[in-house]
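Going by full-length UniProt numbering, the letters in the sequence shown line up with residues 1 to 102, in that order.
The hints are simulated quantities; they were obtained by calculation from the structure and are not laboratory data.
Certain hints may be false.
Said to hold, decoys possible - Within a straight-line C-alpha distance of at most 25 Å, the following computed BS3-like cross-link-like pairs (lysine-lysine) qualify:
{"hint": "1", "residue 1": "Lys13", "residue 2": "Lys50"}
{"hint": "2", "residue 1": "Lys3", "residue 2": "Lys17"}
{"hint": "3", "residue 1": "Lys17", "residue 2": "Lys77"}
{"hint": "4", "residue 1": "Lys13", "residue 2": "Lys43"}
{"hint": "5", "residue 1": "Lys77", "residue 2": "Lys23"}
{"hint": "6", "residue 1": "Lys50", "residue 2": "Lys17"}
{"hint": "7", "residue 1": "Lys23", "residue 2": "Lys13"}
{"hint": "8", "residue 1": "Lys43", "residue 2": "Lys3"}
{"hint": "9", "residue 1": "Lys77", "residue 2": "Lys13"}
{"hint": "10", "residue 1": "Lys13", "residue 2": "Lys3"}
{"hint": "11", "residue 1": "Lys3", "residue 2": "Lys50"}
{"hint": "12", "residue 1": "Lys77", "residue 2": "Lys50"}
{"hint": "13", "residue 1": "Lys3", "residue 2": "Lys23"}
{"hint": "14", "residue 1": "Lys77", "residue 2": "Lys3"}
{"hint": "15", "residue 1": "Lys50", "residue 2": "Lys23"}
Claimed, not checked - Quick list of the computed label-pair ranges, beta carbon to beta carbon:
{"hint": "16", "residue 1": "Asp24", "residue 2": "Asn73", "range": "33 to 43 Å"}
{"hint": "17", "residue 1": "Val21", "residue 2": "Gln88", "range": "33 to 43 Å"}
{"hint": "18", "residue 1": "Ala84", "residue 2": "Leu61", "range": "17 to 27 Å"}
{"hint": "19", "residue 1": "Leu35", "residue 2": "Leu68", "range": "17 to 27 Å"}
Just so you know, these numbers come straight off a predicted model, no measurement behind them.
No residue lacks a Cβ here, since even glycine has one placed at the ideal position from N, Cα and C.
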Amino acid sequence: FEKLNDTNHGPWKQLMKALLVRKDLWDVVSGVETLPSGSPNTKAVRTFRKRQAQAGAEIILHVEPSQLPFIDNDDPKEVWDTLASMHQARGMATRLTVRRQF
């Protein structure tokens, strides 16, 4: 599917979520699965960090280079939330501009 750009956040979000669900990474991105307590060397923590890195990589690989400056974060949930906030704000600004023109 098409990488995220300035105009396709709605469909991209649905397709990206489906990809993350299929790869069993959505819970990390949605915040359902969080960092387990314990030492960084425990298997549970290492597994979570690995899944977090995989989810982040999937998101980064599915965005246009123009989006990369907005997602300088290792936490895929933060990246997802930042992209959503940014694109929803742009959508609102576009709708307000269109309303003002008419």
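Structure-based check of each hint:
The suggested pairing of lysine 13 with lysine 50 holds, with an alpha-carbon distance near 22 Å, which does not exceed 25 Å. As the CA atoms of lysine 3 and lysine 17 are separated by approximately 13 Å, the hinted pair is consistent with the 25 Å bound. The suggested pairing of lysine 17 with lysine 77 holds, with an alpha-carbon distance near 12 Å, which does not exceed 25 Å. About 31 Å separates the Cα atoms of lysine 13 and lysine 43, which puts this hinted pair outside 25 Å; it is violated.
Of the supplied pair hints, the one linking lysine 77 and lysine 23 holds, its CA atoms being roughly 16 Å apart against a limit of 25 Å. Our distance criterion of 25 Å between C-alpha atoms is met by lysine 50 and lysine 17, whose separation comes to about 18 Å. Under the criterion of a C-alpha separation no larger than 25 Å, the hint pairing lysine 23 with lysine 13 is consistent with the structure, at around 15 Å. For the hint pairing lysine 43 with lysine 3, the CA-to-CA distance comes to about 33 Å; that exceeds 25 Å, so the pair is violated.
Distance restraint check for lysine 77 and lysine 13: the Cα-Cα separation of roughly 13 Å lies within the 25 Å cut-off, and the hinted pair is therefore satisfied. A distance of roughly 10 Å separates the Cα atoms of lysine 13 and lysine 3; the hinted pair therefore holds under the 25 Å criterion. In summary, the hint linking lysine 3 to lysine 50 is supported, as the alpha carbons are separated by about 23 Å, within the 25 Å threshold. Taken as a hint, the lysine 77 and lysine 50 pair is honoured in the structure, with Cα atoms around 14 Å apart against an allowance of 25 Å.
With a C-alpha separation of about 18 Å, the suggested pairing of lysine 3 with lysine 23 holds against the 25 Å cut-off. About 18 Å separates the Cα atoms of lysine 77 and lysine 3, which keeps this hinted pair within 25 Å; it holds. Between lysine 50 and lysine 23 the CA atoms are separated by roughly 13 Å; this keeps the pair inside 25 Å, and the hint holds. Judged by the Cβ atoms, the range 33 to 43 Å given for aspartate 24 and asparagine 73 is violated: they are separated by roughly 22 Å.
Against the hinted window of 33 to 43 Å, the Cβ-Cβ separation of valine 21 and glutamine 88 comes to about 21 Å, which falls outside the hint. Taking the beta carbon of each, alanine 84 and leucine 61 are about 18 Å apart, inside 17 to 27 Å as hinted. Distance hint check: the CB atoms of leucine 35 and leucine 68 are about 25 Å apart, consistent with the given range 17 to 27 Å.
When held up to the earlier numbered hints, the structure conflicts with 4, 8, 16, 17 and fits the remainder.
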